[in-house]
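Student: One letter stands for each residue in the lines below.
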Amino acid sequence: MRCLITLTLLGACSAPPAIHADGGPSGSAAQMSLLMLADGQDATLVAGAQGGFHVWLQYAVRGLPAGTVTLERTAHRASDGAVVLVYRGDVDLGDAGPGDDGWWTAPSPIPMFMCPSPIGLSVVDVPIELTLRLLGAGDAELARAAVTVTPRCPDAQRDFCERICTG
Amino acid sequence: MFRRIVVAAAAAAAVAHAADARACGCFAMGNTAQPVVQAGERILFAHEGDQVIAYIQIKYQGAADQFGWIVPLPTVPTLEVGTDQLFTMLDSATLPQYRLTTNQQFCSGGSSSGTDVDGEGGCGFGGASASPNYGGGAGSDMGVSVSRDMAAGGVVVQQASIGPYDYAVLHADDESAMLQWLSDNRYFVPAGTDAAVMPYIHPGAYFLALKLRGGQSSGDIAPIVLRYTSDLPMIPITLTQVGAVDNMGILVWVAGEARAIPRNYYHVVVDDLPIWFSNFATYNQDLIDAVHAAPGKHGFITQYAGGSDLVWNRLDYPGRFGDPTQLRAQATPSDYLHYLRDNNYPFDGTMLSILSRYLPEPQALVDAGVQPSQFYANYDYYASSDPGSDADGGAAMPFDPGPITDEIVARIVTPMKDVNALLGRHPYLTRLYTALSPKDMTIDPVFSTNRDIGNVPLVHSATLTIPCVGDAWLHTDAEGYEVQYVSGLAPNLNLPRAQRVELVRDAGPAELVQDNDATIRAALGPVDHGRATSPSSSDSSSSIGCGCTLGKRRVRPNLALLLFMCGAAVGVRSLRRRRS
Numbered sequence: 001m002r003c004l005i006t007l008t009l010l011g012a013c014s015a016p017p018a019i020h021a022d023g024g025p026s027g028s029a030a031q032m033s034l035l036m037l038a039d040g041q042d043a044t045l046v047a048g049a050q051g052g053f054h055v056w057l058q059y060a061v062r063g064l065p066a067g068t069v070t071l072e073r074t075a076h077r078a079s080d081g082a083v084v085l086v087y088r089g090d091v092d093l094g095d096a097g098p099g100d101d102g103w104w105t106a107p108s109p110i111p112m113f114m115c116p117s118p119i120g121l122s123v124v125d126v127p128i129e130l131t132l133r134l135l136g137a138g139d140a141e142l143a144r145a146a147v148t149v150t151p152r153c154p155d156a157q158r159d160f161c162e163r164i165c166t167g
Numbered sequence: 001m002f003r004r005i006v007v008a009a010a011a012a013a014a015v016a017h018a019a020d021a022r023a024c025g026c027f028a029m030g031n032t033a034q035p036v037v038q039a040g041e042r043i044l045f046a047h048e049g050d051q052v053i054a055y056i057q058i059k060y061q062g063a064a065d066q067f068g069w070i071v072p073l074p075t076v077p078t079l080e081v082g083t084d085q086l087f088t089m090l091d092s093a094t095l096p097q098y099r100l101t102t103n104q105q106f107c108s109g110g111s112s113s114g115t116d117v118d119g120e121g122g123c124g125f126g127g128a129s130a131s132p133n134y135g136g137g138a139g140s141d142m143g144v145s146v147s148r149d150m151a152a153g154g155v156v157v158q159q160a161s162i163g164p165y166d167y168a169v170l171h172a173d174d175e176s177a178m179l180q181w182l183s184d185n186r187y188f189v190p191a192g193t194d195a196a197v198m199p200y201i202h203p204g205a206y207f208l209a210l211k212l213r214g215g216q217s218s219g220d221i222a223p224i225v226l227r228y229t230s231d232l233p234m235i236p237i238t239l240t241q242v243g244a245v246d247n248m249g250i251l252v253w254v255a256g257e258a259r260a261i262p263r264n265y266y267h268v269v270v271d272d273l274p275i276w277f278s279n280f281a282t283y284n285q286d287l288i289d290a291v292h293a294a295p296g297k298h299g300f301i302t303q304y305a306g307g308s309d310l311v312w313n314r315l316d317y318p319g320r321f322g323d324p325t326q327l328r329a330q331a332t333p334s335d336y337l338h339y340l341r342d343n344n345y346p347f348d349g350t351m352l353s354i355l356s357r358y359l360p361e362p363q364a365l366v367d368a369g370v371q372p373s374q375f376y377a378n379y380d381y382y383a384s385s386d387p388g389s390d391a392d393g394g395a396a397m398p399f400d401p402g403p404i405t406d407e408i409v410a411r412i413v414t415p416m417k418d419v420n421a422l423l424g425r426h427p428y429l430t431r432l433y434t435a436l437s438p439k440d441m442t443i444d445p446v447f448s449t450n451r452d453i454g455n456v457p458l459v460h461s462a463t464l465t466i467p468c469v470g471d472a473w474l475h476t477d478a479e480g481y482e483v484q485y486v487s488g489l490a491p492n493l494n495l496p497r498a499q500r501v502e503l504v505r506d507a508g509p510a511e512l513v514q515d516n517d518a519t520i521r522a523a524l525g526p527v528d529h530g531r532a533t534s535p536s537s538s539d540s541s542s543s544i545g546c547g548c549t550l551g552k553r554r555v556r557p558n559l560a561l562l563l564f565m566c567g568a569a570v571g572v573r574s575l576r577r578r579r580s
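Line by line, the protein sequences are chains A and B.
So the first sequence is numbered by this note's numbering: it starts at 1 and just counts up by one.
So the second sequence is numbered by this note's numbering: it starts at 1 and just counts up by one.
It is worth saying that the hints were derived from the structure and are not from the lab.
Please note: incorrect hints may appear among the correct ones.
[What the hints assert, rightly or not] Output of the computed footprint for chain B on chain A, the stretches with three or more beta carbons under 8 Å from beta carbons of chain B:
#1 78-88
#2 112-119
#3 135-149
[As the list claims (entries may be wrong)] Beta-carbon label-pair distances, calculated as ranges:
#4 44/A to 180/B: 46 to 54 Å
#5 194/B to 152/A: 55 to 63 Å
#6 68/A to 338/B: 43 to 51 Å
#7 138/A to 229/B: 26 to 34 Å
#8 138/A to 409/B: 35 to 43 Å
#9 409/B to 106/A: 14 to 22 Å
#10 65/A to 427/B: 41 to 49 Å
[To be verified] Partial selection, computed: residues in chain A whose CB lies under 10 Å from chain B:
#11 40
#12 44
#13 75
#14 157
#15 163
#16 164
Every residue gets a Cβ at the ideal spot worked out from N, C-alpha and C, and that includes glycine.
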């Protein structure tokens with residue numbers, strides 16, 4: 001059983017609950033859920049191989065046809081909305097088809113690039129809101145999900161992490 | 001060349017003696033100059049799917065068996081061989097252009113101005129430029145130089161050969177294991193490398209190590225193309241510090257969907273005035289000084305941000321390269337070389353290196369100092385004078401066009417077609433520049449995008465107005481700065497090299513960190529626009545060539561020089577038009 005927590009916290013642990021559904025302009029019934037992280041929890045930053053640190057997310061989607069859409073990942077500092085990350089890339093939904101429960105789960109977690117953080121912007125020990133949005137033609141929002149976590153530097157690399165994650 | 005010298009001299013005369021000339025009606029055309037940007041490291045990044053694609057130009061001078069190169073990567077990469085032609089083209093096509101329009105006001109009223117995009121007009125500014133200098137010794141791009149051969153070891157994930165290289169992908173889970181492998185395999189590890197690699201040592205991380213294959217020369221070193229899974233392109237500059245030189249220039253192009261930004265470096269906007277004042281003589285130093293205005297000297301200058309159409313189809317266009325099947329059918333070296341030239345194959349270092357293996361230059365010519373480029377460009381001549389070197393001329397020399405064609409296709413044609421296609425898939429291109437010294441290489445620059453900020457045009461324009469009476473003044477179009485050119489000379493002002501320093505996030509407008517605008521305007525002082533026409537047209541007592549209308553003032557020798565030079569330039573232009 002997957003434990004899913006997202007923006008609206010419609011459910012805690014269920015086979016993916018409709019955490020947050022935003023039909024976008026067309027009012028579609030698409031739903032998107034975030035896995036692995038709970039709202040308000042600490043998230044230990046994971047070292048990237050090129051010297052950065054990330055928070056990893058996995059997501060699930062249902063109600064969307066298979067095909068290529070844009071996945072937008074954003075991160076903002078919760079206290080003031082300062083932009084930490086905006087990133088867009090294409091994603092193929094449903095290559096493997098939805099599961100029995102109708103949800104298509106991303107085949108692997110995706111990194112939310114935190115560090116090196118933007119200049120003057122610390123991303124450790126402060127709440128950061130992570131948002132995923134699926135966008136269709138004309139950037140129409142098909143679905144979104146978000147979670148707010150507090151990134152923490154890993155003990156093993158605390159000095160280096162604090163050097164590149166505190167702006 | 002001669003024409004350019006004349007034009008430049010005329011331009012210098014026009015500016016230097018503008019005050020004396022008063023209202024020489026010689027129409028003065030503008031000019032577009034391209035300064036030279038020195039860079040020791042050039043990289044093109046693109047992002048497709050979950051892959052970062054990095055074209056990296058490797059610069060190295062030294063013995064082939066001493067060449068080595070390592071770079072940290074987040075995943076096991078795929079490798080291809082790139083082409084230096086890419087960087088030559090990118091540098092040329094996206095180099096900032098400085099366009100000066102000279103506005104000569106006629107004493108009798110009216111004015112004449114012009115801008116010559118091709119720089120062919122007379123009486124314009126000529127650009128002075130310095131030659132690129134890559135530091136002379138071994139250069140390392142995104143990595144450190146290592147040496148000697150490599151062998152399989154416990155940390156080796158993959159070993160293979162591609163193009164001129166043998167390569168190995170190493171686990172970077174453990175610093176000591178990786179460095180031990182380098183040591184065991186007699187890689188030269190510069191002092192400080194162990195500390196420099198530490199940020200890149202993580203479970204699941206990798207290092208790529210390259211060396212030249214046996215029989216390859218330093219001239220075979222070609223850019224490499226890496227594809228690896230990652231979100232944002234990054235330059236592991238912390239590692240580069242080990243082999244870097246002071247103020248090492250770094251040029252980065254990012255092909256994508258929107259303008260690329262330095263995510264964790266400041267963004268610096270150059271003050272163009274010192275560049276105009278020096279006539280580009282100190283351009284590179286001006287850029288370096290501008291970068292140094294950023295805190296920690298961590299800044300990037302955006303030199304171009306806009307459509308990628310200006311670089312697409314420059315490397316590969318209809319008709320280029322002909323048909324490899326036909327190339328393969330050329331029976332003689334002479335025919336083969338003619339086919340290459342007729343179909344616009346580049347005769348760069350890679351080509352010369354390939355040719356030297358399959359069509360070696362006779363030792364006698366090498367001993368006589370005939371350069372490879374000279375030899376292949378005049379192959380028929382040398383073949384006829386040395387029959388032994390060519391099957392056409394006498395003693396048969398075996399020539400099999402098959403293997404050489406395979407290598408040319410693999411190392412020149414395919415890379416150029418591939419990267420051209422890549423540029424065509426991304427509508428936006430950003431060119432970023434910085435200069436870093438080893439001690440400042442403490443933060444690896446990461447590049448992301450911002451869709452909310454505008455383009456950065458290629459052309460920087462200004463107008464030099466030479467009034468009928470009074471001193472000339474310069475007006476920069478973008479910022480609206482005005483400054484007097486007293487006696488026709490650019491002012492000697494100690495201006496900030498950075499017009500402003502900004503923070504640019506992934507979204508939203510740039511945030512101002514340091515704004516030197518007021519300082520610059522205050523330093524420029526008041527500008528007297530003089531008089532656009534003579535105080536009284538009845539004062540005019542003579543009118544001579546170039547449309548000059550002169551007052552009663554005696555024509556000074558330097559004015560005579562100006563008139564002569566203007567006449568020379570106009571004459572050259574007329575001659576050229578007749579020829580064309």
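Student: Evaluate each hint against the coordinates.
Tutor: These are the hints, each one checked on the structure:
1. Only residues whose C-beta sits within less than 8 Å of a C-beta in chain B count toward coverage, and the segment 78-88 of chain A has 7 of them, enough to reach three; the restraint holds.
2. For the segment 112-119 of chain A, the stated coverage by chain B is satisfied: 5 residues place a CB nearer than 8 Å to a CB of that chain, which reaches the threshold of 3.
3. Under the rule that three or more residues need a Cβ within less than 8 Å of chain B, the assignment of the segment 135-149 of chain A is violated, with 0 such residues.
4. A hinted range of 46 to 54 Å for the beta carbons of residue 44/A and residue 180/B is inconsistent with their spacing of about 30 Å.
5. Taken as a hint, the range 55 to 63 Å is violated for the pair residue 194/B and residue 152/A, whose Cβ atoms sit roughly 28 Å apart.
6. The hinted range of 43 to 51 Å is satisfied by residue 68/A and residue 338/B, whose Cβ atoms lie roughly 47 Å apart.
7. For residue 138/A and residue 229/B, the hinted distance range of 26 to 34 Å is satisfied, since their beta carbons lie about 29 Å from each other.
8. Residue 138/A and residue 409/B have their C-beta atoms about 42 Å apart, which keeps the hinted 35 to 43 Å range intact.
9. In this structure, residue 409/B and residue 106/A break the distance hint of 14 to 22 Å, their C-beta atoms being roughly 39 Å apart.
10. A C-beta distance of roughly 26 Å is found between residue 65/A and residue 427/B, which places it outside the suggested range of 41 to 49 Å.
11. Interface restraint check for residue 40/A: the shortest CB-CB distance to chain B comes to about 24 Å, outside 10 Å, so the restraint is violated.
12. Hint status for residue 44/A: violated, given a least beta-carbon distance of 14 Å to chain B, over 10 Å.
13. Restraint check, residue 75/A versus chain B: the minimum CB separation of about 9 Å is within 10 Å; hint holds.
14. Look at residue 157/A: its Cβ gets to within about 9 Å of chain B, closer than 10 Å, so that hint holds up.
15. Evaluation of the residue 163/A hint against chain B yields a held restraint, the C-beta minimum of about 8 Å falling below 10 Å.
16. A least Cβ separation of about 7 Å between residue 164/A and chain B falls short of the 10 Å threshold, and the interface hint therefore holds.
Hint compliance for this structure: hints 3, 4, 5, 9, 10, 11 and 12 are broken, all remaining hints hold.
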